[in-house]
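Participant: Each chain, written out:
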Amino acid sequence: MNNRKAQIQIFETIAVLVVFFMLLGIGFIFYTKVISSNIESDTAEISQSKSISIAQRVMFLPEIQCSEDSVPKENCIDTLKLDSAISVINKPENSLYYYDLFEFSDISIKEIYPSSGAAIQLYSKFTTDYKNKFQTNIPVALYDPKTKINKFGLISITTQTK
Amino acid sequence: MRNKKAFEIQFNWIFVLIAGAAILVIFSLVIFKQKSLSEQSTNSIALRSIESVVAGTSVSTDVSSLITVPDLSIGVDCGKISIGKISKQYPRLVLFSPSLIKGNKIIAQTLSFSAPYKSSNLLFMTSQQIKYILIGDSPLIKSINKSLSSEINKEIFSSYDPSKIKNSNNYKVRFVFDNIGSSPLTFPNSLSKMPDGDVTALKITGNLDNGVIDFYENNAGSFVNKGTSYYIGKAALIGAIYADTVEHYECNIKNVFARHGIVSDVYLSRTTDLNNDAFLSSECKQAYSTSLSLISNIGAASRNLARATPLSQSDVNIIIGSSDPLSIQNKETQKFSCPLIY
Numbered sequence: 001m002n003n004r005k006a007q008i009q010i011f012e013t014i015a016v017l018v019v020f021f022m023l024l025g026i027g028f029i030f031y032t033k034v035i036s037s038n039i040e041s042d043t044a045e046i047s048q049s050k051s052i053s054i055a056q057r058v059m060f061l062p063e064i065q066c067s068e069d070s071v072p073k074e075n076c077i078d079t080l081k082l083d084s085a086i087s088v089i090n091k092p093e094n095s096l097y098y099y100d101l102f103e104f105s106d107i108s109i110k111e112i113y114p115s116s117g118a119a120i121q122l123y124s125k126f127t128t129d130y131k132n133k134f135q136t137n138i139p140v141a142l143y144d145p146k147t148k149i150n151k152f153g154l155i156s157i158t159t160q161t162k
Numbered sequence: 001m002r003n004k005k006a007f008e009i010q011f012n013w014i015f016v017l018i019a020g021a022a023i024l025v026i027f028s029l030v031i032f033k034q035k036s037l038s039e040q041s042t043n044s045i046a047l048r049s050i051e052s053v054v055a056g057t058s059v060s061t062d063v064s065s066l067i068t069v070p071d072l073s074i075g076v077d078c079g080k081i082s083i084g085k086i087s088k089q090y091p092r093l094v095l096f097s098p099s100l101i102k103g104n105k106i107i108a109q110t111l112s113f114s115a116p117y118k119s120s121n122l123l124f125m126t127s128q129q130i131k132y133i134l135i136g137d138s139p140l141i142k143s144i145n146k147s148l149s150s151e152i153n154k155e156i157f158s159s160y161d162p163s164k165i166k167n168s169n170n171y172k173v174r175f176v177f178d179n180i181g182s183s184p185l186t187f188p189n190s191l192s193k194m195p196d197g198d199v200t201a202l203k204i205t206g207n208l209d210n211g212v213i214d215f216y217e218n219n220a221g222s223f224v225n226k227g228t229s230y231y232i233g234k235a236a237l238i239g240a241i242y243a244d245t246v247e248h249y250e251c252n253i254k255n256v257f258a259r260h261g262i263v264s265d266v267y268l269s270r271t272t273d274l275n276n277d278a279f280l281s282s283e284c285k286q287a288y289s290t291s292l293s294l295i296s297n298i299g300a301a302s303r304n305l306a307r308a309t310p311l312s313q314s315d316v317n318i319i320i321g322s323s324d325p326l327s328i329q330n331k332e333t334q335k336f337s338c339p340l341i342y
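Chains A and B, in that order, are what the protein sequence lines are. Heads up, the first sequence is in our numbering, so the first residue is 1 and it goes up one at a time. Heads up, the second sequence is in our numbering, so the first residue is 1 and it goes up one at a time.
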């Protein structure tokens with residue numbers, strides 16, 4: 001009789017432990033789900049801030065930015081510099097340098113007023129293995145130093161992040 | 001029968017002990033793991049905020065800001081920033097700073113590098129807990145004092161008297177001497193207990209446009225020369241003040257010259273275009289054709305400097321020697337209402 005009672009007690013304890021560990025397991029699964037959703041939202045935030053910093057880099061790139069006696073003009077692209085920058089940026093020996101700056105992105109500039117021209121591609125490197133893709137369009141002045149005429153343009157920056 | 005009961009009771013206790021111990025071990029493991037994860041997460045967040053500061057401030061010129069960050073130690077190496085065990089590589093990073101930034105207040109400053117055309121923004125960072133002591137009363141020291149961020153913990157002395165230097169418990173102290181002569185610098189007694197490498201000095205021989213810089217470090221209670229380098233322009237000189245070792249300065253300045261070489265190629269191609277334009281006046285063309293060789297020389301010397309260790313004085317001199325004539329040609333183009341060279 002006593003033997004049976006003791007056995008029941010042991011089974012009770014084991015059952016309590018099993019329930020306890022089951023609850024612990026459920027809690028742990030819930031916790032990891034919350035953490036992984038936080039990580040995903042953090043990753044998206046990091047990707048977005050990376051995309052913004054690439055756009056900032058493009059906007060202040062001395063290779064294309066208008067300047068007068070080394071004083072840069074904001075939101076202005078020197079079209080003569082742009083023509084030269086395209087060939088310099090796309091030189092094979094400079095590709096690694098610009099990859100470090102722009103990573104997987106596409107930067108193109110388009111005249112939209114007075115005439116609507118075709119987009120000129122400044123830099124382009126894409127990957128098929130990406131998680132997020134962001135596009136930023138920034139209106140800029142396109143300044144031709146030869147004719148001293150300003151045109152209205154749009155710089156389009158598409159970034160891919162892993 | 002009694003023996004059997006005693007065994008049952010003992011077994012119950014042993015079972016409870018084992019189960020209790022297992023639960024305690026599991027919880028302890030979870031707590032330790034969580035603690036380490038939380039530390040890593042804090043460091044990672046801090047690193048990301050530093051990254052945003054670097055990205056945000058490095059695009060704007062001539063700005064200075066005081067940034068509040070978590071109270072952590074930030075290690076800055078050649079192209080690498082680390083906080084605790086978390087570190088990240090930045091291959092083209094131009095960040096002149098001491099090797100260790102401590103405290104929750106960081107000073108960030110930017111200045112543009114121009115030789116003579118602008119090619120990059122130099123980013124400087126330091127801690128408010130580092131003391132900068134400027135020695136001299138020359139226009140150069142006064143200009144450095146004006147150029148350094150007002151948030152910096154700095155003192156200025158017209159002449160060097162080691163007995164006047166007080167120890168105010170800073171984890172690093174940096175001296176800046178202007179044209180002090182070749183005699184070995186006397187180490188202040190008040191700082192003799194500071195660990196080796198925490199008291200550094202920069203001796204400048206030159207002016208605001210260019211010159212030679214000697215890096216010193218405390219070693220067993222005296223200043224030891226750790227290397228010599230060169231600077232072109234105020235921004236690079238300020239960079240040498242923020243960077244506490246010659247290696248860190250040269251690593252950054254090489255990245256600056258690499259970029260200057262690429263920007264020079266853009267200006268060379270642009271000036272060639274202008275020179276080939278049939279509609280521009282002969283005065284304009286004269287200025288452009290004279291400038292072509294100057295830009296080409298600056299580009300070639302910059303590329304050499306980006307590869308050389310240590311920096312070669314002859315290449316530095318080529319850039320200095322070509323910059324002034326190029327700025328004269330730029331003024332000529334302005335005079336004749338031609339498109340400017342830069």
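There's no promise every hint is true.
[As the list claims (entries may be wrong)] So, partial list: chain A residues that the calculated Cβ filter (under 10 Å) puts toward chain B:
1) Phe21
2) Leu23
3) Ile52
4) Gln56
5) Gln65
6) Leu101
7) Pro145
8) Lys148
[Unchecked claim] Restricting the straight-line Cα-Cα distance to at most 25 Å, the calculated cross-link-like pairs of lysine-lysine (DSS-like) are:
9) Lys50/A <-> Lys148/A
10) Lys234/B <-> Lys73/A
11) Lys331/B <-> Lys146/A
12) Lys125/A <-> Lys91/A
13) Lys234/B <-> Lys148/A
[To be verified] Across the chosen pairs, the derived CB separations fall in these ranges:
14) Ser124/A <-> Lys285/B: 31 to 37 Å
15) Lys125/A <-> Ser192/B: 53 to 59 Å
16) Lys162/A <-> Thr68/B: 28 to 34 Å
17) Ala118/A <-> Gln313/B: 35 to 41 Å
18) Gly75/B <-> Thr127/A: 26 to 32 Å
These aren't lab readings, by the way, just hints derived from the structure by calculation. Note that the Cβ used here is the ideal one computed from N, Cα and C, for glycine as well.
Participant: Less than 10 Å between beta-carbons is the criterion; does Phe21/A satisfy it with respect to chain B?
Facilitator: 9 Å, holds
Participant: Quick check on the hint: Ile52/A CB to chain B CB, less than 10 Å?
Facilitator: The hint holds - Ile52/A has a Cβ within 10 Å of chain B, the shortest such distance being about 8 Å.
Participant: Given the hinted pair Lys50/A and Lys148/A, is their Cα-Cα distance within 25 Å?
Facilitator: Outside the cut-off at roughly 35 Å; violated.
Participant: Does the interface hint hold: is Pro145/A within less than 10 Å of chain B, judged Cβ to Cβ?
Facilitator: At 4 Å from the nearest chain B Cβ, Pro145/A passes the 10 Å test, so the hint holds.
Participant: Given the hint that Lys234/B pairs with Lys73/A, does the C-alpha gap stay at or below 25 Å?
Facilitator: Roughly 21 Å between the alpha carbons, so the hint for Lys234/B and Lys73/A holds.
Participant: Given Gln56/A was flagged as interface, is its beta-carbon under 10 Å from a beta-carbon of chain B?
Facilitator: Holds. Min distance 5 Å.
Participant: With a cut-off of 10 Å on the beta carbons, see whether Leu101/A makes it to chain B.
Facilitator: Hint holds; Leu101/A Cβ to chain B Cβ min 7 Å, cut 10 Å.
Participant: Less than 10 Å between beta-carbons is the criterion; does Leu23/A satisfy it with respect to chain B?
Facilitator: 12 Å, violated
Participant: Against chain B, with CB atoms and a cut of 10 Å, does the hint on Gln65/A hold up?
Facilitator: Holds, about 9 Å.
Participant: Is the distance from the Cβ of Lys162/A to the Cβ of Thr68/B consistent with 28 to 34 Å?
Facilitator: Holds: the Cβ-Cβ distance is about 31 Å, inside 28 to 34 Å.
Participant: For the pair supplied as a hint, Lys234/B and Lys148/A, is the alpha-carbon distance within the 25 Å limit?
Facilitator: 32 Å, violated
Participant: If I claimed the Cβ atoms of Gly75/B and Thr127/A lie 26 to 32 Å apart, would that claim hold in this structure?
Facilitator: 31 Å, holds
Hints 2, 9, 13, 17 from the list above are not met by this structure, while the remaining hints are.
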